[in-house]
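**Student:** Each chain is listed here by its residues.
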Amino acid sequence: MSVKAPRISVTVAEVVEVNPLIKRFRFVRSDGQPMPPFSGGAHIVVEMDDHGTRRLNPYSLMSVPEDSSGYSISVRRDDTGRGGSLYLHQQVKPGMAMEIGYPVNLFSLDQRAKKHLMIAGGIGITPFISQMAQLTSLGGRFELHYSVRNRELGAYVDELKALYGDRIHLYFDDEGDKIDLDRLLAGQSFGTHLYVCGPKGMISWVRSTADAAGWPKGTVHSEEFLAPPVGQPFTVELAQSKKSITVGATQSLLEAMEAANVDAPYLCRGGACGQCETDVVRCDGHIEHNDHWLSDEQKASNRKIMPCVSRFGGTTLVLDR
Amino acid sequence: MGMEFNKETFRKDFTFKNSAKAIKRFPFPFYEDSYMYSVNMEPHVPGPKGSVFEPMFDVDEHYVAEMQDRAMVLAEDPLRCQSLPHMTLAGWDLLELIMESKARDYPEWFELHKDGHNWHWINRPLGIDQKFTFLDESTLPYGPMEYITRQSQGDFTLQDQRDDNLWIEAGMVTTQADWSLDFDIGMSFHEWHAPVPRAHELGVFDRALKFLLKLQHGAPVRRFNWTLTVDPLLDTSPENYPKWGPMRADISPENVGERMYLRVELQTLHRLPRSNAIAFPIRCYLIRFDDLVTVPKWGRRLHRVLRDIPEDLATYKGFLRNRDSLVKWLSQYDDGAPTSTGWMAD
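In order, the protein sequence lines correspond to chains A and B.
Residue numbering for the first sequence is 453 to 773, as defined by the working numbering.
Residue numbering for the second sequence is 3 to 348, as defined by the working numbering.
Check before you lean on any hint, since a few could be wrong.
Computed footprint of chain A on chain B, listed as stretches where at least three residues anywhere in the stretch have a Cβ under 8 Å from a Cβ of chain A [said to hold, decoys possible]:
| id | stretch |
| --- | --- |
| 1 | 61-69 |
| 2 | 154-164 |
| 3 | 272-286 |
Hints are computed from structural coordinates only; laboratory data are not their basis.
In this text, a Cβ means the ideal position worked out from N, Cα and C, and glycines have one as well.
Whenever a hint applies, use it, and build me the whole structure from the sequences.
**Tutor:** This is the structure in structure tokens:
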């Protein structure tokens, strides 16, 4: 069973080009009501009608959680992706009507922490922007280490510096800056929690460094949304629905199920939350799992699949859905 | 809906009484003629007009008397209300949820006016008129959770979510079916459910936890739980066991109808927006057996459920010693006729 919150009808209030790769979008409710409050680190799923293809992509909220007048997200353009970010960058204009989901938080602050140590890479800055705003109103201690490619592509560096001063530490790759993680972790006081959001390599580097330094598992938090990968089209049989569907090259299995009017649960649509986990009835071939949810053992067994990011190659795949 | 609340007690002389209207809308929990644990959750969406599901938080004729009883319990034992330091934000979330819901669902009794963080709350049944600053504890006479749950029927717990688990770390618990907040506070989901028989083996708690970790703001859910109580005593706590435990020895075939009560908990679960915690209101409804059997379907069904329930469940729910008397008494109201599925009266 899954219970979904109602969708929110919104109007695009503002589109701002933050730098050559990133645009910021602001949504207000079309019915004039206040937006629900949310917690720092939450994301929303944005629904797009991309010339007949329905896309539902997750983006971290970066507005102030207490600000109920609207929500803001920042989107990095991915020229080789499936098209969601390109659609937002090229087609979405102020005044347009869109649909979004209620906020969901898979990267929440641990309110017990004496201090929050944040490490961001690139567009991974966005959840921290709302978290720092929330911590400021709650009086929480934090420190951000933010690594970007260069000054031109360093989104919000000036704004964050202006707001939070020396709590913001900036690192520019092309100037040879590098976070001295060993030293940083060694200098933290008891009760500090560590948060990381950024590219895959950065997350595993921070996690393994913290692990080696003896940080308890429960004090290290990370979030990485995967974009569903593109690939070869494949066919899937859905046993409960008695349907056979074809998943297109730039479509996810979850999207293909939804296009066939099959009610499939989901929350993050990025391989992280586990909500869409589905039993595999039969698999003659190879599942490209791609997700962060299933254990290596489960992946090897080919008994479970995550339709939001997994693909298939082979002769037959039958799912219990 | 007039402003008529019962003058009644839940202790000593036990003057608690359900009106005909309250009996008619009683949330009878048995969907079929037998009972076993299950996850049994459904969306908490507004139900039929007049039912306990119509509002987000039901306010009924017992409201004022229940709040007076809660105040007495707290005066004797302040540890019935506890909130660990990191749960204050969740307390504000709960206060906002309850105030907004009640002001929307019962505008004649409750009003909430907001000007930024300057809030004005009016609770007419309890005679409260409070101006305060949202998120500033110093402007309320109690912490936010205690303040609002002294004005809300039912027990409340707040669960923090972290490490893929839920942790019971705040609560107001004065109308409980024999469990203790003071004992459970700080426990994880499986720890505080450890005493429940059978459900672990059935995988109920694994599935329930998995479901709740994904519970969404804006999509609350509900379920029922139930037990039996001698006399309309709200505070059947382990702390007070010496006061109410022996009452079970008073039950005889002659007084079953008058002194036995079916105790139903309408439990709802709400994701809280600012804290990402989960609120768990546990609303207790009591009905005397004499009143319950005035609905023929309920009399037939309760007889069959109690007759057939496994012994370990009857033990856990605390009525094994009286089961034979209860079943014999209820058998008078069971003619063997078939009952319809669902909990509504036929």
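**Student:** Report the numbers of all earlier hints that the structure fails to satisfy, in ascending order.
**Tutor:** 1
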